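From first to last, the protein sequence lines stand for chains A and B. Going by our numbering, 137 is the number at position 137 of the first sequence; the sequence numbering is gapless. Going by our numbering, 96 is the number at position 96 of the second sequence; the sequence numbering is gapless.
To be clear, the hints were calculated from the coordinates, so they are not data collected in a lab. What you are looking at is a predicted structure, and each value in this text was computed from that prediction instead of being measured. Backbone N, C-alpha and C fix where the C-beta goes; we use that ideal spot for every residue, glycine too. Careful, some of the hints might be misleading.
Claimed, not checked - No more than 25 Å apart at the CA atoms, straight line, and that leaves these computed lysine to any residue pairs for SDA-like:
no.	chain 1	residue 1	chain 2	residue 2
1	B	LYS115	A	MET18
2	A	LYS185	B	THR143
3	B	LYS115	B	GLY148
4	A	LYS146	A	TRP79
5	B	LYS55	A	PHE101
6	B	LYS134	B	TRP108
7	A	LYS66	A	LEU81
8	B	LYS73	A	MET18
9	B	LYS12	A	ARG121
10	A	LYS8	A	ASP24
Unchecked claim - Calculated from the model, a selection of chain A residues having no Cβ within reach of chain B, i.e. all distances over 10 Å:
no.	residue
11	PHE3
12	MET18
13	GLY54
14	SER104
15	LEU179
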Amino acid sequence: MEFDELQKIWDSQNQRPMYMINEDALHNRIHTKKAKASHITNASEWLLIGVNAGAGGLLLGLTVSKVGSTVFMYLLAGWMLITALAVLVSRIRRLQRENRFDRSLVGELDHAIAMTTYQVRLSQLMRWNNLPIALLVIAGLLEGGKPLWFAFALVLFFILVNFASGWEHRFYQSRKLELETLQRKLQQG
Amino acid sequence: MTESEQNNIFGKWLQQHKGQIFKVVRAYAATTMDQDDLFQEIMIQVWHSIPAFRKESLVNTWVYRIALNTAIKWVGKEQKYAKSRESLDTVQAVLQEAKVPLDERLSWLYEEIHKFDEIDRSITLLLLDGFSYKEMAAMLGITESNVGVKINRIKKQLIARSKQLNPYGI
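Extracted from the complex, chain A is given alone in its bound form:
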């Protein structure tokens, strides 16, 4: 068949509906999804800001009010507050970059790639952030006279946290790779 014939076959469907829509069900689904829609990046940013600022602030308050607190606890509280601030700044910068993408398919893909790149960086940063937090927590507890087995249990806990962070990081990396592959397909002839 020549392309004109394929075109006629294609056009033949314009006169009859392919599907029927249950409009009430559609309306309900859209509103349910809209209510549920909490963007992953948005949620993880607020979670990181909240957890780090809350824990850092509480730790600082407790450390200041307690006589004989170790320097490690001050360092840990400071580090957590700085992390919360860094994520907040990073979020503001991300939101400022939101509108620079055009409305084409390439523009949408660029936007999705930029978003995933941001998530990859954020998850990498948080993964590395576990290391100073773990060291400071363990050093602070040992300095405070806690038993060695307790420190050992904490090491195991932070190893598990590191595995979980690694899984999240790889998830974003593979999403980014998929989008980049699509972008390449679009740009190649």
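Add chain B to chain A, keeping to what the hints say.
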């Protein structure tokens, strides 16, 4: 824009452009469950896009672009999460296939379109729906010459496949 205005526009767009959306759904999703899922995804994206519509393009082009873009991203996501999605037994289906049987040559054409990758499927749909190279280039964000190269290859493949023997006897 109030939610009621947004709902009114959504209802109007749905009535006017559902034919285009159905084509995208059929071209990207194979099973009834997937078609329902993709249709809902596209509808949600269209609904969200209404306040951003600045009338710089035709509604037709705008809706088509959203449908294609959602479908392309949905393909990868769907492959990954197919097993974890809700069963249609537990939710009310939005799409029901029309009782009118489709021309078997049209079913064949959709099957051929399914064999293309996500990007070529978009270009094939735009081509068959009569968009110009210029419009396609603007919608996809690539050059007209790149569109031309891809279309040339797609046309050759479709014509060659139509000449092969197949169960429909075309």
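Right, here's what the structure says about each hint:
1. B/LYS115 <-> A/MET18: holds (21 Å)
2. A/LYS185 <-> B/THR143: The given pair, whose Cα atoms are some 14 Å apart, holds under the 25 Å limit.
3. B/LYS115 <-> B/GLY148: holds (20 Å)
4. A/LYS146 <-> A/TRP79: holds (22 Å)
5. B/LYS55 <-> A/PHE101: holds (17 Å)
6. B/LYS134 <-> B/TRP108: violated (29 Å)
7. A/LYS66 <-> A/LEU81: holds (19 Å)
8. B/LYS73 <-> A/MET18: Holds. B/LYS73 to A/MET18 sits at ~23 Å (cutoff 25 Å).
9. B/LYS12 <-> A/ARG121: violated (42 Å)
10. A/LYS8 <-> A/ASP24: violated (34 Å)
11. PHE3: Nearest chain B Cβ is 5 Å from A/PHE3, so the label is violated.
12. MET18: With a cut-off of 10 Å, A/MET18 comes too close to chain B, as the shortest Cβ separation is near 4 Å.
13. GLY54: holds (32 Å)
14. SER104: For A/SER104, whose nearest Cβ neighbour in chain B is about 3 Å away, the distance does not exceed 10 Å, so it is violated.
15. LEU179: violated (8 Å)
Hint check: violations occur at hints 6, 9, 10, 11, 12, 14 and 15; the rest are consistent with the structure.
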